[in-house]
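Colleague: With chain A fixed as given, assemble chain B onto it according to the hints.
What follows is the residue order along each chain.
2 protein chains.
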Amino acid sequence: MTATVADALVAFAHRLADAAGAAIRPYFRTPVAVDAKPDSTPVTAADRAAEETIRRLVEKEHPAHGIIGEEFGRIRDDAPFVWSIDPIDGTKAFISGIPTFGTLIALIRDGTPVLGIIDQPISGERWVGIAGRPTTLNGREIRTRECRLLAEASLFATAPSMFAGSDEAAWARLAGAVRMVRYGADCYAYGLLAAGFIDLVVEADLKVWDWAPMAPIIEGAGGLVTGWDGRPMRLDGDGRVIAAGDRRVHRAAVERLAQG
Amino acid sequence: MTATVADALVAFAHRLADAAGAAIRPYFRTPVAVDAKPDSTPVTAADRAAEETIRRLVEKEHPAHGIIGEEFGRIRDDAPFVWSIDPIDGTKAFISGIPTFGTLIALIRDGTPVLGIIDQPISGERWVGIAGRPTTLNGREIRTRECRLLAEASLFATAPSMFAGSDEAAWARLAGAVRMVRYGADCYAYGLLAAGFIDLVVEADLKVWDWAPMAPIIEGAGGLVTGWDGRPMRLDGDGRVIAAGDRRVHRAAVERLAQG
Numbered sequence: 046m047t048a049t050v051a052d053a054l055v056a057f058a059h060r061l062a063d064a065a066g067a068a069i070r071p072y073f074r075t076p077v078a079v080d081a082k083p084d085s086t087p088v089t090a091a092d093r094a095a096e097e098t099i100r101r102l103v104e105k106e107h108p109a110h111g112i113i114g115e116e117f118g119r120i121r122d123d124a125p126f127v128w129s130i131d132p133i134d135g136t137k138a139f140i141s142g143i144p145t146f147g148t149l150i151a152l153i154r155d156g157t158p159v160l161g162i163i164d165q166p167i168s169g170e171r172w173v174g175i176a177g178r179p180t181t182l183n184g185r186e187i188r189t190r191e192c193r194l195l196a197e198a199s200l201f202a203t204a205p206s207m208f209a210g211s212d213e214a215a216w217a218r219l220a221g222a223v224r225m226v227r228y229g230a231d232c233y234a235y236g237l238l239a240a241g242f243i244d245l246v247v248e249a250d251l252k253v254w255d256w257a258p259m260a261p262i263i264e265g266a267g268g269l270v271t272g273w274d275g276r277p278m279r280l281d282g283d284g285r286v287i288a289a290g291d292r293r294v295h296r297a298a299v300e301r302l303a304q305g
Numbered sequence: 046m047t048a049t050v051a052d053a054l055v056a057f058a059h060r061l062a063d064a065a066g067a068a069i070r071p072y073f074r075t076p077v078a079v080d081a082k083p084d085s086t087p088v089t090a091a092d093r094a095a096e097e098t099i100r101r102l103v104e105k106e107h108p109a110h111g112i113i114g115e116e117f118g119r120i121r122d123d124a125p126f127v128w129s130i131d132p133i134d135g136t137k138a139f140i141s142g143i144p145t146f147g148t149l150i151a152l153i154r155d156g157t158p159v160l161g162i163i164d165q166p167i168s169g170e171r172w173v174g175i176a177g178r179p180t181t182l183n184g185r186e187i188r189t190r191e192c193r194l195l196a197e198a199s200l201f202a203t204a205p206s207m208f209a210g211s212d213e214a215a216w217a218r219l220a221g222a223v224r225m226v227r228y229g230a231d232c233y234a235y236g237l238l239a240a241g242f243i244d245l246v247v248e249a250d251l252k253v254w255d256w257a258p259m260a261p262i263i264e265g266a267g268g269l270v271t272g273w274d275g276r277p278m279r280l281d282g283d284g285r286v287i288a289a290g291d292r293r294v295h296r297a298a299v300e301r302l303a304q305g
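Line by line, the protein sequences give chains A and B.
Residue numbering for the first sequence is 46 to 305, as defined by this note's numbering.
Residue numbering for the second sequence is 46 to 305, as defined by this note's numbering.
Mixed in with the good hints there might be a few duds.
To be verified - From chain A, some residues computed to sit far from chain B (all C-beta separations above 12 angstroms): (1) Thr47; (2) Arg60; (3) Thr75; (4) Ala94; (5) Asp123; (6) Pro125; (7) Gly142; (8) Gly210; (9) Ala215; (10) Arg224; (11) Asp250; (12) Leu251.
What the hints assert, rightly or not - Computed footprint of chain B on chain A; a stretch qualifies when at least three of its residues, placed anywhere within it, have a C-beta under 8 angstroms from a C-beta of chain B: (13) 129 to 140; (14) 143 to 155; (15) 197 to 206; (16) 230 to 242.
To be verified - The calculated lysine to aspartate or glutamate pairs, modelled on DMTMM-like cross-linking and capped at a C-alpha distance of 25 angstroms, are: (17) Lys137(A) with Glu170(B); (18) Lys82(B) with Asp52(A); (19) Lys82(A) with Glu197(B).
I should point out that these hints are in silico values taken from the structure, not numbers from a laboratory.
Glycine is no exception: its CB is placed at the ideal position from the N, C-alpha and C atoms.
For reference, chain A alone in the conformation it holds in the complex:
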């Protein structure tokens, strides 16, 4: 991929995020109807409108690219370039009026995420990660912070209920070893990890559209995103994720999770 092609795709990704934000904002803090999906997670007209807007733009401008979206499924997902879309990550925050939700967009090339965006359309914050380039928050380069030990680390996850079966005990071991545990920040926690204000995000049961944008965003800021086993994320993996700003605390988290 030449720099010119990459730049054109980055510009296109910004347009996707702009369009999704424009679709979402009119619904924020309005009494929008909340439907339950088959997995009992909530979805609203804002989720659907944002994903439809993005899909329409991809179909129009890059009809050979594939799409994997949370609300409307997969098309051409064996193409060399595939866009993953979570129109509103953090729908529970969104319907509660809390601006820590985000639109997640990733471009996956031959199975590897090479571009990621977290866009918060109310605060106007946009994180952009591109393979081989420094990650930016609203155009300004950001870096993860140093953190050597679990005892120094802050740890985030969306909710304790995401850890089922043996994951629950593993999470409890890790949570008991860190300086501070906090729930409820969704994708915003990954963005703040990339910006150097959080040390670890550990989650389970993530889908491709949840984690794909995080890999280039966090790696481009100096951190790393792996499975709980410490190995690279895979599109067909188990959806368990460790994001860390420092390799030393990452290694400690992998060991602690595996200790049971």
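Modeller: Here is chain B on its own, set in the frame of chain A:
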């Protein structure tokens, strides 16, 4: 208290919130040192600067009023008018770069909170509740929403770890009965309850400065704030709080918590 006196006190409370925000903003998303207090909760120079600023203004303009502050304690707390201050409610959010923390200010008259402010100095959101008047968010009147049943309700708390002993089982009973549970929004959840986007906030172990501002804010928006027993909050109470937007779901929550 005449309307003129009340208006002057409200204007003064706005000045306190303005000054606290100005003290806090320079520290947001900077690598501020985090100290552990004796109860192991975090505190920063921003917490201290904001409370000192507020205390200085009260001492200068209302030297007969009492002060109860989270960081610097009590003075003249038997005065007819007492200000309660939590300079940064949600210090964990603050140090993580998440703008859901808030400055909490209440004016307590003869033991009853008659004025409450939640100020979010990054997003620029300010909730103001005054006994006998409609609650406002940035000057616009807000109302709680209807919610009859626990099965329809969204429920917030800062963290599961705040429920110790028998409270843990009571919380689990309540959490199992509602539509949606969410952690991590601190004072922001009370503001969004007053604005009609959240149905219940149930917490334990709150101090006066945590709950005092919520009473006028939520009552002035049509809701109510009580202990877990459904009775009015008391300054010397046990710090367990139910905030609800609708009396019907409030009653259901009281019953569910007591059911064990």
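Colleague: Indicate, hint by hint, whether the structure satisfies it.
Modeller: Each hint tested on the structure:
1. Thr47: holds, 35 angstroms
2. Arg60: holds, 26 angstroms
3. Thr75: Violated, since 9 angstroms does not exceed 12 angstroms.
4. Ala94: holds, 19 angstroms
5. Asp123: holds, 36 angstroms
6. Pro125: holds, 36 angstroms
7. Gly142: violated, 4 angstroms
8. Gly210: holds, 18 angstroms
9. Ala215: holds, 17 angstroms
10. Arg224: violated, 9 angstroms
11. Asp250: holds, 16 angstroms
12. Leu251: holds, 18 angstroms
13. 129 to 140: holds (count 3)
14. 143 to 155: Result for this restraint: holds, n = 3.
15. 197 to 206: holds (count 5)
16. 230 to 242: holds (count 7)
17. Lys137(A) with Glu170(B): holds, 20 angstroms
18. Lys82(B) with Asp52(A): violated, 49 angstroms
19. Lys82(A) with Glu197(B): holds, 16 angstroms
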